[in-house]
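Chemist: Line by line, the protein sequences give chains A and B.
Each residue of the first sequence is one higher than the one before, counting from 4 in my numbering.
Each residue of the second sequence is one higher than the one before, counting from 4 in my numbering.
Some hints here could point you the wrong way.
Since copy identity is lost for identical chains, a pair holds within one copy or between any two.
Claimed, not checked - In silico EDC-like cross-links for lysine to aspartate or glutamate, where the CA-CA straight-line distance does not exceed 16 Å:
id, residue 1, residue 2
1, Lys-185, Asp-274
2, Lys-185, Asp-272
3, Lys-185, Asp-275
4, Lys-131, Glu-157
Note that these hints are calculated values from the structure, not bench results.
2 protein chains.
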Amino acid sequence: MTTEAEAQRLDAADPLRHFRGRFDLPEGVLYLDGNSLGPLPNSTRERLHTVIDGEWGDGLIRSWNRLPDKLGGGGEWITLPQRIGAAIAPLIGAQAHEVIACDSTSVNIFKLIWAALRMQAGDDGRRKVVLSEPGNFPTDLYMIEGLERQGLAERRLAGVDDIEAALDEDVALLMLTHVHYKTGRMLDMARLTAAAHDRGALVLWDLSHSVGAVPVELARAKADFAVGCGYKYLNGGPGAPAFAFVAERHLHALEQPLTGWFGHAKPFDFDDDYVPANGIDRLLCGTPQVLGMSALESGVAITAEAGIDALVAKSRALSEFFRACVSRLLPDLPCVSPDDPAGRGSQLSFRHEHAYPICQALIARGVIGDFRAPDILRFGFGPLYIGYEDLLRAAEHLAEVVATGEWDREEFRARAAVT
Amino acid sequence: MTTEAEAQRLDAADPLRHFRGRFDLPEGVLYLDGNSLGPLPNSTRERLHTVIDGEWGDGLIRSWNRLPDKLGGGGEWITLPQRIGAAIAPLIGAQAHEVIACDSTSVNIFKLIWAALRMQAGDDGRRKVVLSEPGNFPTDLYMIEGLERQGLAERRLAGVDDIEAALDEDVALLMLTHVHYKTGRMLDMARLTAAAHDRGALVLWDLSHSVGAVPVELARAKADFAVGCGYKYLNGGPGAPAFAFVAERHLHALEQPLTGWFGHAKPFDFDDDYVPANGIDRLLCGTPQVLGMSALESGVAITAEAGIDALVAKSRALSEFFRACVSRLLPDLPCVSPDDPAGRGSQLSFRHEHAYPICQALIARGVIGDFRAPDILRFGFGPLYIGYEDLLRAAEHLAEVVATGEWDREEFRARAAVT
Chain A
4 MTTEAEAQRL DAADPLRHFR GRFDLPEGVL YLDGNSLGPL PNSTRERLHT VIDGEWGDGL
64 IRSWNRLPDK LGGGGEWITL PQRIGAAIAP LIGAQAHEVI ACDSTSVNIF KLIWAALRMQ
124 AGDDGRRKVV LSEPGNFPTD LYMIEGLERQ GLAERRLAGV DDIEAALDED VALLMLTHVH
184 YKTGRMLDMA RLTAAAHDRG ALVLWDLSHS VGAVPVELAR AKADFAVGCG YKYLNGGPGA
244 PAFAFVAERH LHALEQPLTG WFGHAKPFDF DDDYVPANGI DRLLCGTPQV LGMSALESGV
304 AITAEAGIDA LVAKSRALSE FFRACVSRLL PDLPCVSPDD PAGRGSQLSF RHEHAYPICQ
364 ALIARGVIGD FRAPDILRFG FGPLYIGYED LLRAAEHLAE VVATGEWDRE EFRARAAVT
Chain B
4 MTTEAEAQRL DAADPLRHFR GRFDLPEGVL YLDGNSLGPL PNSTRERLHT VIDGEWGDGL
64 IRSWNRLPDK LGGGGEWITL PQRIGAAIAP LIGAQAHEVI ACDSTSVNIF KLIWAALRMQ
124 AGDDGRRKVV LSEPGNFPTD LYMIEGLERQ GLAERRLAGV DDIEAALDED VALLMLTHVH
184 YKTGRMLDMA RLTAAAHDRG ALVLWDLSHS VGAVPVELAR AKADFAVGCG YKYLNGGPGA
244 PAFAFVAERH LHALEQPLTG WFGHAKPFDF DDDYVPANGI DRLLCGTPQV LGMSALESGV
304 AITAEAGIDA LVAKSRALSE FFRACVSRLL PDLPCVSPDD PAGRGSQLSF RHEHAYPICQ
364 ALIARGVIGD FRAPDILRFG FGPLYIGYED LLRAAEHLAE VVATGEWDRE EFRARAAVT
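Bound conformation, chain A alone (with noise of 0.2 Å):
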């Protein structure tokens, strides 16, 4: 059932609905890339307005500590990093005092992966493989091998059905990425993170792609670590601030190599030397990026409110839309995302030799959707602002351009780079 009347249908008894009022897509796109980079919300606009002529301009350095009167929202910058954890925190199935958002994925990566290594140093010393998936993100991949030209790390690839054979006594953290970029599956979280810890090894979650559109349950599956990305399902913005997790039975022990003032216990003594802050806190590093940081909790405010299970229960039922309704316009397209719709992420893979132009030829009728090299088609559907009349017409453009050969130009073909 993909035709228009059972869009319309389906639209109309979305209790998630209302929201999509919240963004002002831009006329005529069609947004199937907020997996990529979320779209703004009106109520961020708002909230930055504030920030940039109220916080900074009129409350200048006050702002650190407390706004200035006049405004009501907001709340002092110094805290951002651990309020917007704490708001992060139920998405992903863990305590407030176990996340904290700062700096970028990649640095966050470093700094669990150090500490892991650290934690497991203990024992003699051999335990240094970190074990991933060849294809994982490439981030993730390459914050290994730079801890392997430490000598701290050893970077062991296994394909993601062979990991339980490769987890021996050499391995002292397993790191994965939950919902893979490119074809949206899902691992299973439990099942892994319970495998390495029967061979002693630490466990580190990419979430990048899971968190705002997947059920996460980090306590539940007793995971040691996390890291999250702020620009994708939660809508903070371009090139947002991320998030980490540490469970609260590693806090005491936590040590992290990027050992900043802001991570200190007595930041403003300006001692000469380093004291950990305690718990969570001691993630930080240095001043936190307050724009970025107050998009990301404005953003992950709308998330929060519109609550985890509405939005895994609609990403559910848009992909799996959308998936009837290109079987449907283009039956031999393949889609390299997992059946299950509970074992993928909130996106559909497709594979075409053309990909490239395709996509590209998809931007020029306003369909956003991306590419992934070399031969990869993927839509992402934001639970928040996409509806299913949406759906029907961008896999009606799909079609449109895989059918007619409008791909086929040399303006579509050229390439620059993309994120």
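Given the structure of chain A, go ahead and fit chain B onto it with the hints provided.
Modeler: Same frame as chain A, but now just chain B:
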């Protein structure tokens, strides 16, 4: 000559006077803390509104590579780090391809200490000492500690007059802050760099309190590395991205430990293995923070427009004028900044045992300077927006607060975290 008439004469003759209108400083505020957080330029307010509504809101993911047609300014997001680096370069005596904007000052310090240690490891592996001075800005010292904990570095501190004596064959890197955050004392970059090079050490300069206010000639001094802060005299906004400099002669051998995807030669090929980008680009790590970068680019543009020579000349004249005002009104208040305006940054610091409540009492009057533990009152002079009459007024407020004991109230003694 610190009369009102003289202040007005100096303001009228100030060639940078017209830049004052580029900032809407709040009514009733005398802002002498631009060395901690620069104020909001009007052009940055406009630029950010364009970034938020146009580039993010309308352009969405497309803005990474091209901006919506209706947007004139800006430029695609993907080149922000390089564009800002190129704009900062002439302010610090560097070439465009030697500077890049990224991450925080602390994170960039980590990368460059590590890079220097890596370059020095070629010898006999003995050079592990990173030499700095006690009382340097804390995050600089803390980042060395993080590397010490990894076994990669050994921290050695020597008072600034003993630095040359402490430069022995174990020193891999001399790392100093050019203008001291607390006293404003400026070091002789060329002399200390030469002394370090004579002993085979590399040199990393922290320019956080220098850039945009004092002459910096990295190439002339033959400096190897530098970092600096975007949110002080560059007026880049709260928590703005930082920048990093690597001398051209080191770029080919440069390695850094935070090997994130944006530092990859071809990030959008999504390869499993890390291949560093050419040149300074390899200092990038995670996805650049677009909101902060955009504000920084705008702030740097004003600085560049005013020209560093004019900014330096005015900074010196402002600080001399304020010193003369305070000397006349409070002859017993010791100034701990160097006497020679060419030997200090664009700030003056005074010692008073009640510096904290005095600072708070001044803030209550709208005179915003800052306190640095344990007993320093610090005033910074942003040459783009501060005038001589402002300084005369501020000195009069200071004298009244001290003379009347107005500071001696509970409300001014209560401490909060202060940046």
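Chemist: Can you give me the call for Lys-131 and Glu-157, within, between, both or neither, at a CA distance of at most 16 Å?
Modeler: Only inside one copy: Lys-131 and Glu-157 sit 6 Å apart there, 23 Å across copies, limit 16 Å.
Chemist: For Lys-185 and Asp-275, with the copy left unspecified, which applies at a CA distance of at most 16 Å: within, between, both, or neither?
Modeler: between (46 Å within a copy, 13 Å between copies)
Chemist: For Lys-185 and Asp-272, with the copy left unspecified, which applies at a CA distance of at most 16 Å: within, between, both, or neither?
Modeler: between (46 Å within a copy, 12 Å between copies)
Chemist: Checking an output row: Lys-185 and Asp-274, CA cutoff 16 Å. Within, between, both or neither?
Modeler: between (46 Å within a copy, 13 Å between copies)
Figure legend: structure checked against the earlier numbered hints; every hint is met.
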